[in-house]
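Novice: Line order of the protein sequences matches chains C and U.
Take the first sequence: its position 223, counted from the start at 1, is 223 in the working numbering, and no numbers get skipped.
Take the second sequence: its position 45, counted from the start at 1, is 45 in the working numbering, and no numbers get skipped.
Heads up, some of the hints might be wrong.
Claimed, not checked - Here are some, though not all, of the chain U residues that point toward chain C, as calculated from beta-carbon distances under 8 Å:
hint	residue
1	L29
2	D45
3	Q206
4	V255
Unchecked claim - Now the in silico label distances, taken between C-beta atoms and shown as ranges:
hint	chain 1	residue 1	chain 2	residue 2	range
5	U	K280	C	M80	52 to 60 Å
6	U	R282	C	V15	43 to 51 Å
7	C	F13	U	G82	19 to 27 Å
8	U	P120	C	S67	32 to 40 Å
9	C	G140	U	D315	37 to 45 Å
If you are wondering where the hints come from, they were derived from the structure by calculation, not from laboratory data.
Glycine included, each C-beta is placed from N, C-alpha and C at the ideal position.
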Amino acid sequence: MTLLAVRDLSKHFSVGGGLFGAGGTVKAVDGVSFSVDAGETLALVGESGCGKTTIAKLVLMLERPTSGAVEFDGRDLATMSRREVRGYRRRLQAVFQDPYASLNPRLRVRTIVAEPILAHERPDRATVDRRVAEVLDVVGLPASAAHLFPHEFSGGQRQRIAIARALAVNPRCIVLDEPISALDVSIRAQILNLLADIQERFGIAYLIIAHDLALVEHFSARVGVMYLGNLVETGPTEEIFARPRHPYTQALLASVPRPDPDHRPSVDAIRGEIASALNPPAGCKFHPRCPRAVAACSVDAPSWRRVGRDHRAACGLLEDE
Amino acid sequence: MTMPSAAAATSTAPRPLLRVENLQTHLVLKRGVLKAVDGVTLHVDEGETLGLVGESGSGKSMTSLSILRLLPKHSGRIVGGGVWLDGTDLTTLSEEDMARDWRGRRVSMVSQDPMTSLNPVFTIGDQVGAPFRYHGLVKGVRAAREAAARVLARVRIPSPEKRLDNYPHQFSGGMRQRVVAAMAIACSPRLLIADEPTSNLDVTIQVQMIELFRRLQRESGLGIVLITHDLGVAASICNRVAVMYAGRIVETADVRTLYRAPLHPYTQALLHAIPHLGRKRRRLHAIPGQPPSLIDPPVGCRFAPRCGRRSSACDAAYPPEVEAAPGHKVACWHPGPGSAP
């Protein structure tokens, strides 16, 4: 059942003018559609500047879309009443990349974790304490942690606190924005396993924003690959990693350095650097870097092709299967 | 001093370039003395890349700053051991000698963040030309600009002459890191220390940087110490890898042996803890707990509290380093093969 859906979503920022004269519109997100089922994990992957974090902000209502809609339980956020928006904010929580920046250093852990609860209801003290102890236990921290400050914890423990805060109000979906990339290698597995346990136990859906493809393959059921504000390929993780069809997805997978001395990342799968979002290439935005580009690629924006079961790619060189 | 060609470096026996012996570096902090590097011994041959792999706080960056004598001025101190580059102990040199003849000249560094390595108010031409002028390799502004353009061409910056008057913000992240690399190799150093040189870059740019380092090495016989937490990057660029944990090297081996047949439980645990592309597992093997404090490290093996093979011997004394096979050193009381990751 679809829990969160994004329909033809766009976010344009107007920039510049003024002193440097280079005004224009950055199409950070440009007509993106996807959906996340209840209890499922969807990963958005792509390089910096592809728009994945802007999508997270739009979903979290930290930005308003230029056009298109975000729907939760079939309701468009734009048409919700204030009361309904509060309910939405409760059911959708977030865990951010850097637990050193996302936790207020002046607040004790109890206050941090209780904050979302108090934003939505006015329970008595004992109820709050019980709930805080409960979620700290879920994330593997002792109840005594509630009385300490964030600086008394390591990076991995801080991320546990951030997860506890997200869980405090029983969300149905959590947006995970690079949840482990600020953590040490030996700690990452702890947090990933914890997130997997939480999903299994509470049936929470995850929308994960990540650049680490090995992490995505391990963690997520479905993947959307983004390039310069567009989705270019979506499908089940196993399909995409076993049979990537879009040349950009293929290039990303070929570029990843692997912990295998006999594997050489390929330099030829992609050329140059990501184009400016201010002045993106015409036609397929990937064509200047694409090793397979033909003349038509620079003219026509590619339409979606079905390349497998629930597997789609936006490339003019592919045929429907 | 003559530069050996890459061909000479590969056809004859490898010539030692850097030797670090029992290096001990302390950081004097308010809460105590942190033994950041506690007896590190390693070596790098000409034309070789040694990976120094470890988590934050393991001492890998402090090792590199000790080699360059760039420790925090008031708190950092080398308290023991030595760093020999081409037979000269860098730890005994005066700061003047170090700055004039060594740092930037024979040993240089590329650090993680290309934005903070470049000064935003000077042009690329000024900054890349600076090492040539500082070390007296060219005379005059014009010659420095020409030298800068040549070295920018070596790191494959397109139309380098035209970009000399650009400022850092006019370059993309990947191009900035190339500029930083150009500054580092400007004076044809013997040794390059690269501290997480690709960590802030996107994967498609990362692969280009990895290729750049490999090419620079082939061309000049440069020795590289690559500091990274990324086992994938280390595998794709290093000849040998040393794994650091809590201020000490726990295992060193050639790259194939280290990834295929590691003997130290920490190396094995690290390889198990990361997701491997194309080998999906239901759960990752997390390493329980955290590294110990280096202000008051345990007397025994520092990994013991997190280790599955812990015995009473592990807590009683730090394990001596043994050579399990030629070139494969491990410091563990119970070394042995683990299960495949």
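Novice: All the hints need checking, so say for each whether the structure fits it.
Specialist: Verification of the supplied hints:
For the restraint placing L29 of chain U at the interface with chain C, the shortest Cβ-Cβ distance is roughly 15 Å, beyond the 8 Å limit, so the hint is violated. The criterion of a C-beta within 8 Å of any C-beta in chain C is not met by D45 of chain U, whose closest approach is roughly 18 Å, and the hint is violated. At its closest, the beta carbon of Q206 of chain U sits 7 Å from a beta carbon of chain C; the interface hint therefore holds under the 8 Å criterion. Checking V255 of chain U against chain C: minimum C-beta separation of about 4 Å stays under 8 Å; hint holds.
For K280 of chain U and M80 of chain C, the Cβ-Cβ distance of about 38 Å falls outside the hinted range of 52 to 60 Å, so the restraint is violated. The beta-carbon spacing between R282 of chain U and V15 of chain C, approximately 45 Å, falls within the hinted interval of 43 to 51 Å. For the pair F13 of chain C and G82 of chain U, the supplied restraint of 19 to 27 Å is violated, since their beta-carbon distance comes to about 55 Å. Taken as a hint, the range 32 to 40 Å holds for the pair P120 of chain U and S67 of chain C, whose Cβ atoms sit roughly 36 Å apart.
The hinted window of 37 to 45 Å between G140 of chain C and D315 of chain U is violated, with their beta carbons roughly 25 Å apart.
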